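Novice: Listed below, chain by chain, are the residues.
There are 2 protein chains.
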Amino acid sequence: MSHTLESPLLETLRAEYVALRERGLSLDLTRGKPSAAQLDLSNALLDLDLGADHRDAAGTDLRNYGGGDGLLELRRIFAELLGIPVAQLLAGNNASLQMMHDVVVHALLHGVPGGEPWVGRDAVFLCPSPGYDRHFAITQALGIRMVSIPYLADGSLDLPSIERHLADPAVKGMWLVPQYANPTGSSVDETTARALAAMPAAADDFRIFWDNAYAVHHLTDDEPAPLDILGLAAEAGHPDRFFVFASTSKITQAGAGVAFFASSPANIDWYRHHTSVQTIGPDKLNQLRHARFFGDAEGVRAHMRAHRALLAPKFALVERILGERLTGHATWTHPTGGYFVTVYAPARTATRAVELAKSIGVAVTPAGAAYPYDDDPHDSVIRIAPSMPPEADLAQAIEALCVCVLLAEAELGA
Amino acid sequence: MSHTLESPLLETLRAEYVALRERGLSLDLTRGKPSAAQLDLSNALLDLDLGADHRDAAGTDLRNYGGGDGLLELRRIFAELLGIPVAQLLAGNNASLQMMHDVVVHALLHGVPGGEPWVGRDAVFLCPSPGYDRHFAITQALGIRMVSIPYLADGSLDLPSIERHLADPAVKGMWLVPQYANPTGSSVDETTARALAAMPAAADDFRIFWDNAYAVHHLTDDEPAPLDILGLAAEAGHPDRFFVFASTSKITQAGAGVAFFASSPANIDWYRHHTSVQTIGPDKLNQLRHARFFGDAEGVRAHMRAHRALLAPKFALVERILGERLTGHATWTHPTGGYFVTVYAPARTATRAVELAKSIGVAVTPAGAAYPYDDDPHDSVIRIAPSMPPEADLAQAIEALCVCVLLAEAELGA
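Same order as they appear, the protein sequences are chains B and X.
Just so we're aligned, residue 1 is where the first sequence starts under full-length UniProt numbering, counting upward by one.
Just so we're aligned, residue 1 is where the second sequence starts under full-length UniProt numbering, counting upward by one.
If you're looking for bench data, these hints aren't it; they were derived computationally from the structure.
A hint or two may mislead.
[Unchecked claim] Here are the simulated distance ranges between beta carbons:
(1) Ala392/B to Ala44/X: 27 to 33 Å
(2) Ala266/B to Gly120/X: 25 to 31 Å
(3) Arg76/X to Gly66/B: 45 to 51 Å
(4) Ala225/B to Gly120/X: 56 to 62 Å
(5) Glu223/B to Gly115/X: 49 to 55 Å
(6) Glu223/X to Asp375/B: 54 to 60 Å
(7) Gly231/B to Ala15/X: 44 to 50 Å
(8) Gln140/B to Gly115/X: 45 to 51 Å
(9) Arg320/B to Asp40/X: 52 to 58 Å
(10) Gly83/X to Glu391/B: 35 to 41 Å
(11) Gly299/B to Glu223/X: 43 to 49 Å
(12) Glu116/B to Arg76/X: 54 to 60 Å
Fair warning: this is a prediction, and the values are worked out from it, not measured in the lab.
Think of the CB as a built atom: it goes at the ideal place given N, C-alpha and C, for glycine as much as any other residue.
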């Protein structure tokens, strides 16, 4: 230890940090995983007896091969929830991420309807940032160049910037979580959606990957219906612009849910064609379990309120502690749905704060992860996932993280 | 109807054909689907109650995200059955076809270990034929050129031809169903496997897609263990040559089984890396259901004997009718496992025979489907899938098909 002149604040924070280290914490805020209590809400899925009745309403034996579109009864429920015609909504296996990955792959190798294959040419995706690290991992792994589009100060999309980039025919895609975005919690309003649908694009085959992962994941009494993005797109003369994704991963069992893909009729035909080469069909028994478990769209809504009852207190807890410890030092988001809180720590402190937290047993998503190429230009964003830990652990973890942010800030000024 | 001079044989067959048409049949021999009775064998999977215990032996909650390698307990069972070290065997979702497709995609976009991406260059797959139409559909859809390698008269692989083709560095892959092949029923013996493992290849990144779909699907008392192909490959100095696939689709529920991928440690790392971008993990609850249902490898073997009890009489029935009707006109395979019988009808009759059958309500896999580009050079191969129809229907369908083959032959001579 060097004995330099240190501010009393820095000394206090160091002492607090050392005390935290001595607690031997082992806490995890990294991923948006449902808690065990949330997963318990869907345990009825695990004892549903399909032995006596494993047919759909049309009489098809769901144990056998086939049925590439997915179970109609389940598609109907989610068509209502998502406001999408059932013919334009397909149900798949357990991972919407896989659908997104595979759609990019199909576009690379075959081109989307009306376009050439993207592979072998300069292809660019616009990435509103901070965003979802696994989106960026897909584009990076598949050799697509990413351009970060920072959210505006009020949390809204920078439409003028997007429009400027769309003048470049290399811009083929854009990632977007339209509701309760990962990690900012921001939602696209109808005006913005209409602008995205109408905006001219130099590339005819430009596609927006509309990942509606949190469409029904409200944290307040306000339960807005999803935007009719496919309808808006058709109205605006760009019917094929949006690829819509959703899943029950954060509704039922995170690892054993059902994913959905929706789009225009032309895009659905395209997807169906390429998927039919890849597989003989999704796991329809798991889809049947889900349809039986929910019953109808209202069943899903009621189920999500039970999730909210478990999640909202955790978000309130995070908000309270951040307010107590970081007011005047950092800002943060106030999500009304979804799975994340984003802390905007003082510039040039996020990497250090996350590292400090890791050293005392508090795992946080790596700083920068919410940006393409892990490049947070201000080294400021820290993503908090409050869902998984019990409240007592969560409180400890957030307290500790706040100390780390403050300490990183104080070190910077030292 | 034209009134030409016709042979009495042709007239007799025409009359028989007309009589069949009047029966108004609706029978399906097209796909290798398990029958309802076979699916019933696994109905205990459908009422397994995982509600109280949804953890693996290590205590991990299998409802949540993660676990990309698949459930260890289930991998252990199939590692024993397939004779593959468990560390080299991963468990996935419901479709091994999807794994094969995705492995080709990863190879196209990223290259296999030690190789460049296949995309954008002339890439060729060798296709022992007749073979599995869905294999050929994958390579064709992904822009890979296919070269048919006809099986030799005794049903074995034409190794000299394969070796000659491997002198071409464009040859990057080969499809192969090593045991009870689709559709010929032939199996690769150890000598052939050693030759395939040892054979020089101009392309260092040449891979054999070893689709062991019928590894435990015996139709007789003879239950040979799968060849240790990964061991043979390592011994021969080509440890990375084989991608091994298997699945429970024809063991439990065809549409809701578990698929497996196995290979060398280097290939497994490669697969794991690319898969981790694509998904957060497979449906581990379905894997847990399978592990509980089977108990151990012996549980799978006993279960397969119950399948055999349902399947073997159907194959015997097909054999009997073919013998009665087609002896002297056609030849056919005598499979001791798997799902198919291949009829070698007289040259230039298969298309016509299948068309004749279709017209009287008997659906058979399109002629040519067992060849790359649907090109059966002799227009001779007809694939029969006896598993799905009840025996009475099967008998009618095979009788009808035989009449169609004989009629097509007689027409040709007329």
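Novice: Does the Cβ pair Gly83/X, Glu391/B satisfy 35 to 41 Å?
Specialist: Taking Cβ atoms as reference, Gly83/X and Glu391/B lie about 49 Å apart, which means the hint is violated.
Novice: Looking only at beta-carbon atoms, does the pair Arg320/B, Asp40/X fall within the given range of 52 to 58 Å?
Specialist: 56 Å, holds
Novice: So the hint says 54 to 60 Å: do the beta-carbon atoms of Glu116/B and Arg76/X match that?
Specialist: 47 Å, violated
Novice: Could you see if the CB distance from Arg76/X to Gly66/B stays within 45 to 51 Å?
Specialist: 31 Å, violated
Novice: Can the suggested window of 44 to 50 Å be confirmed for the beta-carbon pair Gly231/B and Ala15/X?
Specialist: Hint violated: Cβ distance 60 Å, outside 44 to 50 Å.
Novice: Does the Cβ-Cβ separation between Ala392/B and Ala44/X fall within 27 to 33 Å?
Specialist: For Ala392/B and Ala44/X the Cβ distance comes to about 41 Å; the hint is violated.
Novice: Within 25 to 31 Å or not, the Cβ separation of Ala266/B and Gly120/X?
Specialist: About 27 Å separates the Cβ atoms of Ala266/B and Gly120/X, which means 25 to 31 Å holds.
Novice: Hint says 49 to 55 Å; check whether the CB-CB distance for Glu223/B and Gly115/X agrees.
Specialist: Holds: the Cβ-Cβ distance is about 52 Å, inside 49 to 55 Å.
Novice: Falls inside 54 to 60 Å, the C-beta gap from Glu223/X to Asp375/B?
Specialist: 57 Å, holds
Novice: Does the Cβ distance between Gly299/B and Glu223/X fall inside 43 to 49 Å?
Specialist: Holds, since Gly299/B and Glu223/X (Cβ atoms, about 47 Å apart) stay within the stated range.
Novice: Between Ala225/B and Gly120/X, does the beta-carbon spacing fit 56 to 62 Å?
Specialist: Because 45 Å falls outside the window, the suggested range is violated.
Novice: Check the following: the C-beta atoms of Gln140/B and Gly115/X are separated by a distance inside 45 to 51 Å.
Specialist: The hint (45 to 51 Å, Cβ to Cβ) is violated, given that Gln140/B and Gly115/X are roughly 21 Å apart.
Consistency note: the structure conflicts with the earlier hints numbered 1, 3, 4, 7, 8, 10, 12.
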